[in-house]
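A.B. asks: Sequence:
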Amino acid sequence: MEINVDINVDFLWGDKHFIKNKWGNITYIVGPNGTGKTIVAEKLREQFKKAKLKVRYFSAERLNALANKWDRNGYLQNDNLRDGLNIGSFAGYKNRADELGQSIDAIIELRNKLDLQIKIESILSDIFGKTLSFKETGGYLNVTMADSGKVYDLKKDESHGLKEIITLLAFLYDDEYNCIILDEPELNLHPQFQQYILQEIKSMAGDPFQEQEKKMFVILTHSPYMLNIQNSDELENLIVFHRHEVPTYVKEYEDMDEYKKSRLNKLLLRMNVNHKTLFFADKPIFVEGYIDQQFFNILQYKREIPLGAEGISIIDVGGKDEIDIMYSLCRLLKINAFCIIDMDGLFEGKLRQSIDKISDTATFMAKRGKDPLMKSIGNMETLLDAEVGELLKSNNVIPHGELKDFYDVLKSQSGDKSSMMQRRIMFLGLHRIKNEIELLLSDEGKRKLLQIEGLSKDIFECFNSVNVYFLEKGEIENYYVTDVENQYQIADKKKTDYYLQEYQKINEMDKTEIKEKYKDIVVILDKICSVIDVNTEKFVSAKIGDWIHNVQSALHMNPNITQELLKNNPKIHWDSYQRIIELVELSKKDNGFCCKFKILRGLTSDSKRVYSFDEKTVAANFKV
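Residue numbers (the numbering used here): 1 to 624.
Since the hints were made in silico from the structure, they are not lab data.
C-beta: ideal position from N, C-alpha, C; glycine also.
Treat the hints with caution; some may be incorrect.
No farther apart than 35 Å at their CA atoms in a straight line, the calculated lysine-lysine pairs in the DSBU-like style are these [said to hold, decoys possible]:
#1 Lys495 to Lys320
#2 Lys404 to Lys519
#3 Lys511 to Lys538
#4 Lys457 to Lys357
#5 Lys113 to Lys54
#6 Lys260 to Lys357
#7 Lys543 to Lys571
#8 Lys404 to Lys495
#9 Lys260 to Lys334
#10 Lys370 to Lys473
Label-pair restraints from in silico Cβ distances [to be verified]:
#11 Lys367 to Ser612: 57 to 63 Å
#12 Asp408 to Arg447: 23 to 29 Å
#13 Ser359 to Gly401: 43 to 49 Å
#14 Ser125 to Asp233: 34 to 40 Å
#15 Glu537 to Ile127: 52 to 58 Å
#16 Glu461 to Thr277: 25 to 31 Å
#17 Gly34 to Ile398: 58 to 64 Å
#18 Gly149 to Lys50: 48 to 54 Å
#19 Asn336 to Ala386: 35 to 41 Å
Hey, can you work out the whole structure from these sequences and the hints?
C.D. replies: This is how it looks when you write it as structure tokens:
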């Protein structure tokens, strides 16, 4: 549909405008809290109305007037609704509900439109085993429900979930409107009912300018269950909101060839709930598998890093090529995505090719005096091949230990991917046992090692500059503190067992130990996730400073106040302060006093310290 929309929210975007002219049957609006979605939805309502659509907007507070009590003075038409809906005020109720984004007029629509009533009653009966009845008494309309013979009042006793379903379905099926804007339709609904509502929305969705019985929908959602995008065409109907930036959507696929677009379509078809969290995150972090995801999550949990508070989701995607297409999708939508990937992704897979096409990476490598990224990787691969060849041709006696593990795995590689695997093993060996490998090489081989080191440093930093981080030690198991049989060839079938052992170890550590034991991983995580220390001490200092001032004032007025009398002084607010302070001693001295106290455990790092102050203490300068 061609509908010209031009919206500015100056306090969020400055002088930038959100402009969109093409709209699908269902438009999804997603993004973190506080990014302006509701404000834009209300502006969309006005602009859609100008396009001759019959628009109905429902706010996230749409059930307010259908809550447990209807006695909100002045809520609708200055009617407190205590006795029900005044039949003579129906028109006023509808206008006011429309204005506020409320859904109370669903009751009116069901009472007045018999066809609509029949549809809803059928659903309630067949799916939920309930019946709906309208009761008019003394000019007021009320609604009752019946369940297994028990009759009760809809507004007082029905669950919020069923009220939500009744009101949403009423407007879905109502022919009075052909454009519905829903703010958080998932509210009060468990996942299965969210999917049911979405199914009904999809059945009603269409171009109302072409088909009279169809409706256009705009859905603002925080739920991955309410998001259903199955191909690249539907992806163009997804609007992503960002903090302090204009919302984005896919306008064209200029950077995607047909092959990559085909891969994107296949990805969208199989996106699960876990994958869809990328649309709601400030920072999605893509990892290859579920073990990586669990490992990073438990590390951050034990380090007391609140990922959720930062809008971070760690998402396992099932392989390095899946990371590539997820990452590319995020770049299309200008979502600030990160990747943490096994080191073999440096030597194979499509992610490196996608990164090579980003203009910023060519600029980065040029500033370092290096070839473009893929060519630089090729140069490094040539050097690694030479090192592998020299090692395998040598007649050196290889001692037992890790060097032998390395050499045996290096020598055992065969088949189509043998060269790639040997490069990976060689590179991993240089990270772990460089000095031992160096002893087996000629002077020329040692010179090439230095070249590999310098080139790899630039390559990794180039990837880092576009939010891609490699596990330079190989894969996640190479970072474990528990024993892994052979670091150079880790059997997939053993990886779960290895992780379970490691999980037990992590749970036994404090955050200081974790930082020390997993320092290489922590460095990566800290680059992506800012470390937020919730500092209560500055607020404790301020509150106690106020209390000290009040105590000084009380003792100035009456120097003879005892400790007990001090606690009873209304200006001291002891009822409140006793939750954070233990009053140790109040003693008199010449022309003054001395007060000693402790700060209760949990608010500061040192609960044993005794603080003291007197009449000369500057309360504003008190610091914990």
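A.B. asks: Of the numbered hints stated earlier in the document, which are not met by this structure?
C.D. replies: Result: no hint breaks.
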